[in-house]
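Colleague: Assemble chain B with the ligands onto chain A, guided by the hints.
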Amino acid sequence: MSLPKVNVVIVGAGAGGGIVAKELATAGLSVVLLERGEWPRYDDHNDDELNSQRTPVLGNPFGPDDKRHRRVVVYNNGSTRVVLPSEGGYNNNAGCVGGGAVSYGAMAWRFMPQDFRLRSIYGEVKDSTLADWPISYDDLEPYYEKAEYELGVAGDYTNNPFCGPRKKPFPMPAFPYNKEALLIEKTATRMGLHPFPIPMLRNSVPYNGRPACIHMRSCVGFACPINAKAGSHNTVLPIAMATGHCEVRTGCVASEIVVDDRGRARSVRYFDAKNRGQEQPADLVVVSASATETARLLLNSKSKLFPNGAGNNNDWVGRNLQGHLYVGAAGFLEDEVYEEAGPGATLAICDFNHGIPGLIGGGALCNEFIPLPYLFTNMRPPGEPRWGKAHKDFQRRYYKRLVRLHGPVQEIPNFAARVSVDPTVKDAWGIPVCRLSGTRHPADFQQGDFLSKQAEAILKEMGATRVWRSGPSPTPSLSGGQHQAGTCRMGDDPKTSVTDRHGRIHQIDNLFVADGSLNVSNGGFNPALTIMALAYWVSHHIKAGWKGSQLR
Amino acid sequence: MITPVSRRAAMKWAAAGTFGLAAGIGTTAGLARWIRTEPAPYRFFSEAEARLLIPICEQIIPRDDTPGATDAGVIFYIDRQLSSVFQRHQPTYRLGLDAFRKTCLQVYKSPFEQLEFARQTEALRLIESNKAPKELWGDRSQSAFFNLVLDHTKQGFYGSPRHGGNRDYASYRMMGLAYPNLIGQNRYAAGRPI
Ligand SMILES: Cc1cc2nc3c(=O)[nH]c(=O)nc-3n(C[C@H](O)[C@H](O)[C@H](O)COP(=O)(O)OP(=O)(O)OC[C@H]3O[C@@H](n4cnc5c(N)ncnc54)[C@H](O)[C@@H]3O)c2cc1C
Ligand code: SF4
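Taken in sequence, the protein lines are chains A and B. Residue numbering for the first sequence is 1 to 552, as defined by this note's numbering. Residue numbering for the second sequence is 1 to 194, as defined by this note's numbering.
Hints listed in this document are in silico derivations from the structure and should not be mistaken for laboratory results. Hints may contain errors.
[Claimed, not checked] For lysine-lysine, the following DSSO-like pairs were computed, each having C-alpha atoms within a straight-line distance of at most 27 Å:
| # | chain 1 | residue 1 | chain 2 | residue 2 |
| --- | --- | --- | --- | --- |
| 1 | A | LYS274 | A | LYS5 |
| 2 | A | LYS179 | B | LYS109 |
| 3 | A | LYS179 | A | LYS400 |
| 4 | B | LYS131 | A | LYS389 |
| 5 | A | LYS460 | A | LYS179 |
[Said to hold, decoys possible] Pairwise CB distance ranges (calculated):
| # | chain 1 | residue 1 | chain 2 | residue 2 | range |
| --- | --- | --- | --- | --- | --- |
| 6 | A | ARG41 | B | ASP98 | 39 to 47 Å |
| 7 | B | ASP98 | A | PRO476 | 33 to 41 Å |
| 8 | B | ASP139 | A | TYR75 | 41 to 49 Å |
Ideal Cβ placement from N, Cα and C applies to all residues, glycine included.
Pulled out of the complex, with its shape left as it was, chain A reads as follows:
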């Protein structure tokens, strides 16, 4: 049985979806927001490392759960394996209201102008689908600004000569460097580099009714107990709900977008919190379920005109799955640098984003979030014993002396890295699950190798001892992960993209995507702020085309 029709159904209340809900609800449209997870609860605010989104060995505190969710991973040698959300191979982000932005590290990067024009700058790359974005940094600039002001970003780019032009300063002052960063700053500056504070979606001062950060050692992987860390759940969604015409339905798992015989999206089918099948009709549908799940939902939405899934007549849905290869170096200082004041990451270096001969894009380097003790047990120079008394001595001696510089490498999109739906494995609701296959492009490894060497050089110059690189592993691996992106590329040519430049699925006029799936390439930076800016961008164009009761 069908529910009463609304103007918009949005699937996914994450970083992208929450913003679209607010933009459309405040413009007067009636909105239903379907979210498979729940609101983060008071009890979820703990400091339990084994139950954190970063090391979810006992399960993901912010979803999805191991009981009802599965994925299939296809390995290099062709073998496959069913994986659980708490296992690394799942490439999880999150499943709760707020999505990944509840438990993220909150680094708030704008991509650089070059990141939108990789193909023009670097030319054709073999075995890749490298392309320019259909929009430029300048197009997105006002929406970056909007995200920075509505959600709240603390930063200071005085010392960052590499960023794109910005019209307004950051709304909040930057966080101060911690001890580790002060030391890195000195050395990096001496080396002719340009360190500056990492922009953060965290309050350095009280902002928009939320308090300033109280600096805990646990932040990334955890929800913020005082809401100093911004996501859609504690910023824009409350505004959307206050309009009275945005209903957030939690525990609701979308299974299919119904596309009629005229090629228009008519409704979204889902299972509600009691696992009952429901169908919500709407004038338009926005999918913001994250790069993996958005692709899966489109592929599971088969119709007469789109027998291979909504918007997939050219076989591009789910292709070009990207994330970030994370590389860098670590070492130890003579004196302790640890501070019982987190969350740790405060300094960035962008000298290696673009302009490096032989490389495509490069990546940023940052000092890192505090690793909690269990995570630290995996941080060892090569050859260091893993257990026994040596293990304990290492934990005791080095934990507080650790210095690290790490960063995300710009990945080169390739067609074979993809999300498809598995022909046999289904989740608890009987919906075919994501099947992840393909590997990163070889160029990513060159870049990773280069970037980790730079990190190593800085740490050595600082006088750190036992410095080791965590460079790219030599075995080609799948991309995706927490920075998943690219699976519904935006573009002007319907043959080589999934949506147009406004996030509208080619050929389905009232079906939009607004999340990391749209990213043509994923920058040498963490992607959340760009995803947020894109959500504002897509919303703007939906509103511009909205004529009272329907889309143009």
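Modeller: Then chain B with the ligands, alone, in the frame of chain A:
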């Protein structure tokens, strides 16, 4: 009395295709034989298994001037997880412990528990590097078993006490960290206001 639950879970995972693949072991039918009836402090392990696993964990994180795995109650962490979120690892433990027990009897002519500390270390190095007699392990990976126990021991030692291990925040004390992490109370950096 716990086995029926475990067995059902194991069959479910077998159907889903994950079961045993990581370690390459286990048949679901075999699980039926593991029914335990006597009351015990453990939910999953038999007394004999626990007697074997405790010194293995102690080898991984031994007591010196600070507590080790036994003091911190790591066995209770592993036992509790194996009967809940780690049900999928039950066969790896059950079969792995059995093979390791036999390995020690064959190679060292003694139960692991009765070996000297240095000998115990040697025995674990053997399986860590897949060098124990192949016939005792069949197609099961010795190192995969060892690595799983290693990882779980570290989790039990460093994770939150609410999961059964890290008794009295032993590991946090050892590393000189404030414990527990009281929200909002650990924000004073040495000499620098935040
Ligand atoms: C531990 C961690 C640290 C991170 N650190 C950073 C950082 O420092 N900086 C940064 O930029 N990024 C960071 N990220 C990544 C960032 O969180 C993501 O890039 C961002 O949240 C992606 O936004 P999205 O809208 O694409 O998807 P999400 O935020 O994942 O939102 C998608 C939502 O859709 C829901 N959903 C999915 N399928 C369905 C369905 N079928 N029905 C209903 N609902 C559905 C999901 O439950 C989810 O809530 C981090 C992520 C994690 C997990
Ligand atoms: S460190 Fe700051 S932003 Fe992070 S969770 Fe704690 S209070 Fe929130």
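Colleague: Each of the hints needs a verdict: does it hold here or not?
Modeller: The hints, checked one at a time:
1. For a cut-off of 27 Å, the pair hint linking LYS274 (chain A) to LYS5 (chain A) stands: about 21 Å separates their Cα positions.
2. At roughly 54 Å between alpha-carbon atoms, LYS179 (chain A) and LYS109 (chain B) are farther apart than 27 Å, so this suggested pair is violated.
3. For the suggested pair LYS179 (chain A) and LYS400 (chain A), the alpha carbons sit about 11 Å apart, so the restraint of at most 27 Å is met.
4. The hinted pair formed by LYS131 (chain B) and LYS389 (chain A) meets the criterion: a straight-line CA distance of about 23 Å does not exceed 27 Å.
5. Restraint check for LYS460 (chain A) and LYS179 (chain A): the C-alpha separation of about 17 Å stays at or below 27 Å, so the hint holds.
6. A hinted range of 39 to 47 Å holds for the C-beta pair ARG41 (chain A) and ASP98 (chain B), which are about 42 Å apart.
7. With their beta carbons about 37 Å apart, ASP98 (chain B) and PRO476 (chain A) fall inside the hinted range of 33 to 41 Å.
8. Between ASP139 (chain B) and TYR75 (chain A) the beta carbons are some 19 Å apart, a value that contradicts the proposed interval 41 to 49 Å.
In terms of the numbered hints stated before, the structure departs from hints 2, 8, listed from lowest to highest.
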